[in-house]
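Asks: Residue numbers (the numbering used here), protein chains in the order written: chain X, -19 to 84; chain Z, 1180 to 1400.
FYI, nobody ran anything at the bench for these hints, they're computed from the structure.
Where a beta carbon is used, it is the ideal one built from N, C-alpha and C, also for glycine.
One should not assume that every hint holds.
[To be verified] Between beta-carbon pairs, the in silico distance windows are:
1. Z:1319 <-> X:15: 34 to 44 angstroms
2. Z:1319 <-> X:67: 52 to 62 angstroms
3. X:48 <-> Z:1317: 19 to 29 angstroms
4. Z:1266 <-> X:71: 15 to 25 angstroms
5. Z:1368 <-> X:64: 23 to 33 angstroms
[As the list claims (entries may be wrong)] As a list, the in silico DSSO-like pairs of lysine-lysine whose alpha-carbon atoms are at most 27 angstroms apart:
6. X:64 <-> Z:1248
7. Z:1294 <-> Z:1368
8. Z:1248 <-> Z:1332
9. Z:1248 <-> X:-4
10. Z:1248 <-> Z:1368
11. Z:1395 <-> Z:1332
What follows is the residue order along each chain.
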Amino acid sequence: MRRNGHKGSSALLSCKEIAHTVSTEDVTPVGWRQRLSVRLHLMMCRHCRRYSEQMQALGDAARSVFQQPPEDPSSPESPENLAKLQSDILDRLMQPPKHPDSDN
Amino acid sequence: MRPPADWLKTPSSAPTYDLQQVIAVSDPAILDRPDLAERIRARDPEALQVVVETYLPQILRAARGAGLKPQEAEDVAQNTFTTFVESAERFEGRSHVRTWVFGILYRKISETRRKLGKDRQIDDIDEVFESRFDENGGWSQPPRAADVELEAKQTREEISDCLEAAPSKQRMAFVLREVEGLSSDEICKILEVSSTNLGVMLFRLRNRVRECLETKWAQGV
Chain X
-19 MRRNGHKGSS ALLSCKEIAH TVSTEDVTPV GWRQRLSVRL HLMMCRHCRR YSEQMQALGD
41 AARSVFQQPP EDPSSPESPE NLAKLQSDIL DRLMQPPKHP DSDN
Chain Z
1180 MRPPADWLKT PSSAPTYDLQ QVIAVSDPAI LDRPDLAERI RARDPEALQV VVETYLPQIL
1240 RAARGAGLKP QEAEDVAQNT FTTFVESAER FEGRSHVRTW VFGILYRKIS ETRRKLGKDR
1300 QIDDIDEVFE SRFDENGGWS QPPRAADVEL EAKQTREEIS DCLEAAPSKQ RMAFVLREVE
1360 GLSSDEICKI LEVSSTNLGV MLFRLRNRVR ECLETKWAQG V
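The task is simple: from the sequences and hints, build the whole structure.
Replies: Printed below as a string of structure tokens:
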């Protein structure tokens, strides 16, 4: 039977392996056997299901917090400040470089 | 005017402001043209404007996600674009502009956070994670069961606070993945890590933040 790395066959995964898998699965693709095994485990195990929901909630919270500009009017992300910062940056970039050799 | 490429659009769920209402947007297709590096080196105004218009909002958002204060985020954004233009010599269009810009941004952010002493030296999350399981890999301290809605609300309120303890590289990986929705491959290029490394970083960050939030949920913040 094909094995998934050192973690053994995908037949029965421990809760620890499930937790490890669900917290990295978006960047570490797993084979279909393991995916199926994880799904079955989650159906049967409420603790791992909770853990998996919490991992999902983390990403959802990050998106909802960081994808909108903060209410703080001093934030550079507020529309007025953004427009001003953008033109400041462009003004500076279009000036000839003062230290052509410097890289940073 | 042609519509922006797919990767330029913010995810539809994002209730973000419309940049097009703020500033007249020039043609973003410039970013995909082979002469982009040359135009940047020549400080071509149109090319510079497209680069800044396209990436400034993303840079500011990522800087905030990485834990910078408004003024620090502005400085980092300025410096990122300056370095981008100065290093256009080495930019041959091999990597996507976004990868290049975010790579510079990551280095600026870690410099800033290092200077401010915000990066913790020790990360014991692996031991904390292990301690929640018994020798057979079953839960010995299972995750807290709670009202999911309430927990989600508290998570939004507390996530910035809980992210604060994480090293910048892990934070950046998390923000690029969850907020900007970049692919694993692109994040690896930006942070100059292997995909195994990226998996370890996200594992540590997510578990660190989950542990921190769990403590707060228990206090009923």
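Asks: Of all the hints given earlier, name the ones this structure violates by number, lowest first.
Replies: 1, 3 and 9
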